[in-house]
Each structure stands twice: as C-alpha cells, then as structure tokens.
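Chemist: Okay, here's what each chain looks like letter by letter:
Protein chains: 2
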Amino acid sequence: MSEAGTVACVGGGVIGGGWAAHFLARGYRVLAWDPAPDAEAKLRTLAERAWPALTELGLAEGAGPHNLVVCATLAEAVAEAEFVQESAPEDLALKRKLLAEIDAATPAGVVIASSTSGYSMTEMQVDAATPERLVVGHPFNPPYLIPLVEVVGGERTEPWAVAAAAEFYRRVDKSVITMDRELPGFIANRLQEALWREALHMVANGEATVAQIDTAITDGPGLRWPAQGPCLTFHLAGGDGGMAHMLDHFGPSLKSPWTRLDAPELTRELRDAMVDGCVAEADGRSIAELVAERDRAIIAVQRAVEASRRSTDE
Amino acid sequence: MSEAGTVACVGGGVIGGGWAAHFLARGYRVLAWDPAPDAEAKLRTLAERAWPALTELGLAEGAGPHNLVVCATLAEAVAEAEFVQESAPEDLALKRKLLAEIDAATPAGVVIASSTSGYSMTEMQVDAATPERLVVGHPFNPPYLIPLVEVVGGERTEPWAVAAAAEFYRRVDKSVITMDRELPGFIANRLQEALWREALHMVANGEATVAQIDTAITDGPGLRWPAQGPCLTFHLAGGDGGMAHMLDHFGPSLKSPWTRLDAPELTRELRDAMVDGCVAEADGRSIAELVAERDRAIIAVQRAVEASRRSTDE
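Protein sequence lines correspond, in order, to chains A and B.
Be aware that the first sequence starts at 1, since it is given in my numbering, and climbs by one per residue.
Be aware that the second sequence starts at 1, since it is given in my numbering, and climbs by one per residue.
No lab work stands behind these hints: they were computed from the structure.
Hints are supplied without guarantee of correctness; some may be wrong.
Copies of the same chain look alike in the list, so a pair counts if it works inside one copy or between any two.
Derived EDC-like pairs (lysine to aspartate or glutamate); straight-line CA-CA distance at most 20 Å [said to hold, decoys possible]:
{"no.": "1", "residue 1": "Lys42", "residue 2": "Glu289"}
{"no.": "2", "residue 1": "Lys255", "residue 2": "Glu123"}
{"no.": "3", "residue 1": "Lys97", "residue 2": "Glu123"}
{"no.": "4", "residue 1": "Lys255", "residue 2": "Glu90"}
{"no.": "5", "residue 1": "Lys255", "residue 2": "Asp91"}
{"no.": "6", "residue 1": "Lys255", "residue 2": "Glu269"}
{"no.": "7", "residue 1": "Lys42", "residue 2": "Asp240"}
{"no.": "8", "residue 1": "Lys42", "residue 2": "Glu90"}
{"no.": "9", "residue 1": "Lys97", "residue 2": "Asp127"}
{"no.": "10", "residue 1": "Lys255", "residue 2": "Glu182"}
{"no.": "11", "residue 1": "Lys97", "residue 2": "Glu132"}
{"no.": "12", "residue 1": "Lys255", "residue 2": "Glu265"}
Using the sequences provided together with the hints, build the complete structure.
Modeler: Okay, here's the thing in structure tokens:
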C-alpha cells in the first residue's frame, strides 16, 4: 500500500485517466471507477502510455501503475479516499446526479473536485447533501504534464474546501490558481478560447489557413509564452518604461480592428492595475534582466522543440 | 566586406536594431540609418547585447558587429543594399514620407520592406514613385530570436516583390507566412490581440489578476503552443477522431460565454476547412504519434524554461 495516500478518480476518459496517471506518479494509490465495461483496460492503457513521460519527469518513491485499483462500484472507489477527482462527460444532468452520489458515498470532510470545463459548481452541486465540500479543480490536457489547475467553489462551497483542494493540488506538484468567483471558461480557457475563436473567424473568411494559424503561434508569440505570460511579454514591449510606457503610448491601438474582440476602455484604474501587476510579477528584476531571461528562454524552448522533433524522426 | 551581401536597416529602435543584429549574425553587412543623434551608440549597444544569444544560436561565417556601418544619410545606407528593411516609428504620415524617400534613393529592383504592425502597405505606399516593390515584412520582437515574419503586399505591390521578400527572409532563416490579402493585425497579432483584450477585460472587471493571467498561460496552454499551434492542439483534443470529432461533438460549446468574443457559425465549410487543414498538417502522423510528440515537447519545454530560470538565479 502506498505511503502517500489514496485518491479516488471517478471517470476513466482522457482526463480521468490522465489524473489517475498523475496521482500514481506522485506515489498515490488510485481507486478508479467508470461505468464503461472496458474501463479497466482503458485506464491501464492510459497509465502505461503516460508512464515513460512520467518516469522521465521523475517518480515519487514507490510509485507505479500497480497502485491503480479499478473498482466495481463507485462506493468502493471513494470509501478510503482522502481526495476525490470527478472527470465524467460534460453533461449537466449527469454531473449533478453523479456528484450527489459521490457525495453520499464519500467519508465526511473529504473534498470532492470536478474536472468540468463547462459548468459552474453552483449549477452542479444542487443535489448534493453536503455541497460545502464540492469544488471545481479544472486541469489542462494532459493532466499528468500540464501543471495548471484552476480551483473555484460554488455558492454553497465552504472556503475551507477551496483551500484544502488548492493545498492538495500543490502537494502533488500542480500549479494552482485559486479564483474568488465563478467565471465561464475560468481564466486559461477564456484566453485560449478568444484566440481560438479569432482563428475560426479567419479560416471562415478565407483570411488565413489552418497551417498559417499554427505557424503564426509556434514560430511567433507561442515561443515567448512558456516563460513569460502575455502581460509580462508586453511589459517588455514598452522598453525601459515597461507596461506603463506600453499602455500610455500604444493604448490608442486598442481601438484598432486587430481582432474581432473590442477592447475595454483603458481607464486609469485598468492602466494602474496592469502596471502594478507587472511590477509585482517582475519582483525587482529590471526590464534589461527580464529581456535577458526571455532571450535565454526563447533559445532554450526552440532547441527543446527541435530536439523533441528530431527524436520523433529517428 | 561580407560575402553574404548588404542589407539596409532604416530606423534604429528596438525593432530596427533587432533586425540589424539578425542580419549581422547571418553574415550580412548592415548599413543602418536613423535620424536620432545617438543612433550609432544605440544600434551598437543593441547588437552587442544580442550577440551572446546570437553566438549561442550559431553565426554565419565572417559574421560580426564589425559589419555594422551606421551611415550619416539615408541615401548612403540604401545605395548598395540588396534588401531594405524599414522600422521607423508607427506614424502613417512619417511612414508615407519615409518610404517615398527610401524608394527614391534605392537602386531599381531592390525590395523595400516595412516592419509596420499597424498599417497596410496600401495606405503607406501612396507617395512612392515605384510602389510595386514595397511590401510589409512584419517581424516579432525580438527579430533576432523569433523566427516569424509575415509578408504581404499592398494594392500597388507586384507579386514578384512579395515573392522576393519571402525568399530573402527564408535565406536568412526566418519562418515566413505569405498572406494573399491585407488584414489589420496580420495573423499572429490578431490571435495574440484577441487573447490580450480578453485579459484586459478580465482585469478591468476584477475577474483575474495580472499574475493569474500570466500563470494561466505559462503553466497551461502556453506549454503546448511552441510545438503545436492552437489548431493541431485541438486536433488532439478529439481523441482518435481528431478535429472532426472535436468539432462535431464540442461544436455547440462555441455558443458558450467562454470569452467575450462570439464565435462564427460552424458551417459545414468551416468544419471541413478545419479538419482538412489539421489532416494536412499532421502529414500522415496518427493522433497517437502526435500525442507522443506533444508530450515529449511539453517535457522538453518545461525543462528548458526551468533551466533558463536557474541560470538567471546563479
């Protein structure tokens, strides 16, 4: 039996299976359940396929696919769990019913997180007897490689459950964003979706091809984003004046038709929030230092991608 | 004198200086001109700061900052050029006048490219005597590290000039997207701008902080984008059914309020264009192969970013 602890994974699709693989790699015993007849085979295949990558990244002591137990019933899967991750299909009626069932079968005080990308916990927790411990813990595909998890509660969730979920995810090496309000698409998906919808518009209008859109990102701004997000990137676009100079001088370009999405009014409050946020993120690093960091990161990222492509061709 | 050839860089700011550094690294002699009194000092400092990164990436034979000549007049800078890159401030009246002056002083048949991010060549070429050789060659910052260049002509540009610009940029190791029509923001900036405006809306509404937005990208989808662009990324989100399955099953989510930007109608034509584009990009690779490639790339990118951060802390 694993020393790290026991986690229940409800749902054995790409996301549920990806979570299971991640928890296994961090040394946990994973009790999984999925109503599909081939659930065990699918879950074991997913974990096996992910294992080379997880081994490469480094495994916790005692970690292994042998710690995966595929249970015959939901009740069995959650009975000993210290944390439950639900990753069922995106269907509101199904999620409501399933979360109520999980809630009824899980020991008191254990946090139950949903991987939903489409619903708010307020909508999903309505049928649960103890909704206060239900949170959203939204991962990115593949959950065993992408660190981000967005954590947010519903109207009937207690703050302790949100805090406990964030703490648990940090313990298993995730990068956690705790949101203080529900927002459709959370944060990362809203940003990604804005870009995606602009891409769809361009293809629909014959303005760009699929290949041009992908090249525009992989060979352009996509090379900056693993190291510095969009805000810090523009902090550097303002020269030594940083985000303040950038907004004060290029602010009028927000009126330009450079995307179908209209920009908000650049009020003094918004300007200051962007500037203060970038200064805080820079954490004492000068623009010149951030530029040097960015340059090193871009070179390293390009080389990493090239090397990973070469290893594919071999 | 350099064997590679001679390029003129007009404008010595961050973009113009970045272009100069790139051409120098590729072995070119660069004749630069900028009306600012401290232009020479700024250009030399820029090239020196970029040189460690360029050396790390590999220099062409005979390449060096000694091949940079800062000229006293525009006419001197362009007299011997085989290609002219204009990177003046974003001011339409200034660009019109300057491009006409460059055009008057540059030998016949030599292509003149503008780094503009905000104007169309149709707007800028109106005062030039031979507008047929004027094109946009829009780089990304920093031009000596980010490969992408978007090439597009104006209404009075001849196709040979667009083709020659693309060919020249490929020769100096850029990744070229040739657009067949003018589009405000070109392609990459439209995608980036949609994401950026959604981010500004979120900060303006207190829905997310600057740090949360940057973390959402650096630790989330930003890790996938240097290796696979947004379309290929979603090709993998559909499981073995690829983009076709993704759009057929998740298409209705385009109606969700997951960003402030409305999506286009998912017509049969748009669906097929996305599917065909992804299949062409996959170029025979199965979804399983693309997933394996993505996983290797994500791990390599994460490690590269971590290593570049560690080298900063030392």
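Chemist: So which hints don't hold here, by number, going up?
Modeler: none
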